[in-house]
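A.B. asks: What follows is the residue order along each chain.
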Amino acid sequence: MGEFRLEKRQGTILLFFIWYLVLSCPSGQAGQALARISAKESLLFQQIPTVVTASRQTISVLESPATAAVITRDDILHSGYSSVTELLRYVAGVEFFKSNGVTTNVGMRGVNGLQANNVLVLVDGRPIFNPMRNTNQCALVPSFPDDIERIEVVKGPGSVLYGSNAFAGVVNIITRSPRDIGGAAATAMAGTYREGSYSFLVGRQLHRLGFKLLGGWTQMNSVSDHDNNLKGLLKMSGELDYEYSPGSKVRASFGFAQGRLAVKHSIVMDCFDQEGFDGFLRGGFNYGDLDLDVWWRHHETSADFPRTGHVRWRFDNVNAAIQDRAEFGTNSLIYGAEMRWASLGATSYDDWHQQFLYSLFAEDRWRVTGDTSLFLGLRADHHPLAGWALSPRISLVHSLSGSQAVRLSIARAFKYPAYLQNYLDLAGSCYVQKGNRDLDPEKLTSVELAWQAFGLSGFNISAAAFYNRYEDIIDLSVKKVGPVFHITHENLCDLYQYGFEFDCSWRQSKSLLIRANYSYVWKERAEGITFGPVPMHKINGEVRYDHSSGLWADLRIHWQDEADYSTGLSAEKIDPASSSASPAGTGGFEEMKARLVGWDEMDGYLLADLSMGYSPPDSGWSMALAVHNLFHSNYREIPEGGRMDTTVTARLSVQF
Amino acid sequence: MRKKRGHSGGRACLENGLGTAVLGILALLVSFLLLPSASQAGRPERVMVILSSSHPSYLECSRGVSEYLEGAPVPVVLDQVLLQELHSDGRRRMSRGCSLVISIGSEAADFAAKRFSRAPVVFSMVLDPPKWLISRENVYGICLDIPAWRYAAWFRELIAGFNTLGVLYTRASVGKVEQMRRQLEGTGVALEAVRVDDLSQLPNLLDQLASRAQALLAIPDEVLYNNVIAPRIIYLTVRRRLPFAGLSVNFTRAGALFSLDVDYRRLGHKTGRLAAALLEGRTPEERIQFPDSVVPHLNLRTAKLIGLKLDERLIAKFEIIVQ
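Read top to bottom, the protein sequences are chains V and R.
Heads up: take any position in the first sequence, counting from 1, add 812, and you land on the working numbering.
Heads up: take any position in the second sequence, counting from 1, add 13, and you land on the working numbering.
Heads up, a few of these hints could be off.
Heads up, simulated EDC-like pairs for lysine to aspartate or glutamate below, C-alpha to C-alpha not over 20 Å straight-line [stated by the list, open to error]:
(1) 317/R <-> 1101/V
(2) 322/R <-> 1101/V
(3) 317/R <-> 1339/V
(4) 1322/V <-> 120/R
Everything labelled a hint here was simulated from the structure, so no lab data went into it.
Given the sequences, and given the hints that come with them, work out the whole structure.
C.D. replies: Have a look at this one:
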């Protein structure tokens, strides 16, 4: 077990940062923290922020039934990141870690796992999770940072509106509309270790017709083995919409990613190269509040494994969703239905399987008084094997004043078993693995108390405390019968967590933005489950400066303490007679056993990212330079993952 | 007695020569009178067009100006320049002289009015121009401001029985409120103005206003309607179901009920028309003018949220922005 030591230099930087934040506390003088605009007519040109929450309707963040954070386009452009999800690291309550340079993992409030298998990631409302393992491979999202308008992060159970997998939270990546793009742009990014990406984006609104086209190539490298791990993805997407009557549109879109990327499914398994294609076709229309959305997703990838050789997976999903809204008196009701037909299979598994899932949902917002709203929602989902799952949510939101609100929420979410958990059958010389068709869905019940104050002289604050009860956790169960290990997935245990988040941001002036947040999570250590890594304490800070000449700089600091993790059962538990240090080369299972250590802790670390750039006002080009891991902290983000290196990326963007 | 032939011949010669000289002088004088007009009829006027920056809106207005002046009766040579360039290379450019200066944007108008005291200065795309600018005798212009009576007319269509318009203002925009009161005289619409000295009191002040007025109109006030405070005001008006007209389509996209936006190219045409009139020596009826036509944008979602029932014919008058 390692011990986290703050190096002297890192400690000095952290102290300076905290000192600066303390001294920078606002005096409360109204009118100071405002934009200073040189020409009055720029009041007409300025973009006014709109906040949309994952309540499937546009309402202010102060009225949201769940704690939400928004990563804006400004945040994305100032970060210099090439990955659309990298900024999630700096959101309070979100656990973000990289398995290698490519595979990112997202969890929330202590409920996490590899490849974001407890969070629902949406792109323009379309889920991207892979039903094989219930994971979200964000690297396959056919988009680039230039195309992202904002990323909404909703913390807490979201199954009431989004169904399975909206377990610990929802991340909704919203891309730019043709109207917002209004032209064309080409971006090139190059970095150390031959990383790079090249993309073009064109979009325009021509009266009633809007179109968008995006394409590019992205090349990623492992954080440690730089010579032999270059992977690349070709991505393309497009959108066409037509407004056939005021407020009503018909739309069509497509997107795909093709290429190779490195994947790490579990702590005890090595990284492997996954190669293939993931794409979608989507169409829909809306007539006022009535919205119909249909999409088809095709995923076909393959990889080579030591035990099973070449494996090819394929799944096809056809989804249809309909939603409408009704207003009556002081009530606003969202209701709808979804259905999904899935065909899944893999060459080394038993057979192809087809599943038909359907659901109904409704959430009512009742304005009890002018200052108080009550959200009551319920969703019912049906799975062919796991049966029915109900996800209720009650949320009481009360405005203390025009810019402050408190909220009490109780919600339940669920997660259906992944395809592999139900159907994976494998056999080797010393083991037999069987899928379990009788698995119940995992369930999460969460109670949250939150307070938000928004826009008080440019100062935004939020605080939230939560308690999570996690039931019927599905994980591997290993029993030794004679010389053979019998492996299957089972609903193993329950556990609970609680925690607290504090978030503040201060727009001191048009030029200066300061942010800080702190998260705390305590979790019960249940035996036999794969978990984490989840740090108990986490602090993020950011200082951003924009000069009127177009020069800008952004410094982000992330600190987390030791992180708990568990690989599941320890080798001694499943086979007391064997040593945990098995010789290498005796078969994949023996090697895996050697890595089963039960609960352990990973060293904490301090990370600093610095980006700076130049965007001349009203010009058509911009450039940015970003240094990731500025002080070359030597740390891992995942046990047995690569050590994070310092990387430098440079980006040039030209608009036409 | 012999006649002095030479004398009389000389006199005759002299008389003849004098006459010729007089005729010549007369002809010269007449030509001096006629020549400028003749040369004026052929020589184009040099017009300097100064842009505050290369913002797309300014460029759009400038295109409108060029389009109009290219077809104007008075031949014109346009010298378009960014204000930034003039700061670095101004002397050389301005030493060439010009018949008229068109300035697009507040900063360009400010610069032009202070540097050119003789040549007419026509400003365009200036929102809420300051008093010192519009009081200069050689300054003419087209503001971006849309008169309050125009907003009142649209509110009348949207809200049954509408008769009181509300505004929030600060110390900086006191003058604007007085101007709006004058603009609303005779329309039958009263103006309720609430002063905001402390932004933390905004919710209470808006409550006050909502109890006295039927709608809120945004005014060009940098303290209240910048992109930090404006979203708060939009949110509060939606919560209180108070119809709110924003300063531009960006406000409508963010959640304001509607806005009246200016077509910048058409504004450029109007600016060109004013400039052409001045070049032709005609004095316009009004030195400071307003946009002729506006593009109304409506947020249907906001209309629904605040409980406004709008019929299809009314909706059809707007460009629709739906969140």
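A.B. asks: Confirm or reject each hint.
C.D. replies: A quick look at each hint next to the structure:
1. 317/R <-> 1101/V: Satisfied, since the Cα-Cα distance of roughly 10 Å is no more than 20 Å.
2. 322/R <-> 1101/V: holds (15 Å)
3. 317/R <-> 1339/V: violated (53 Å)
4. 1322/V <-> 120/R: holds (19 Å)
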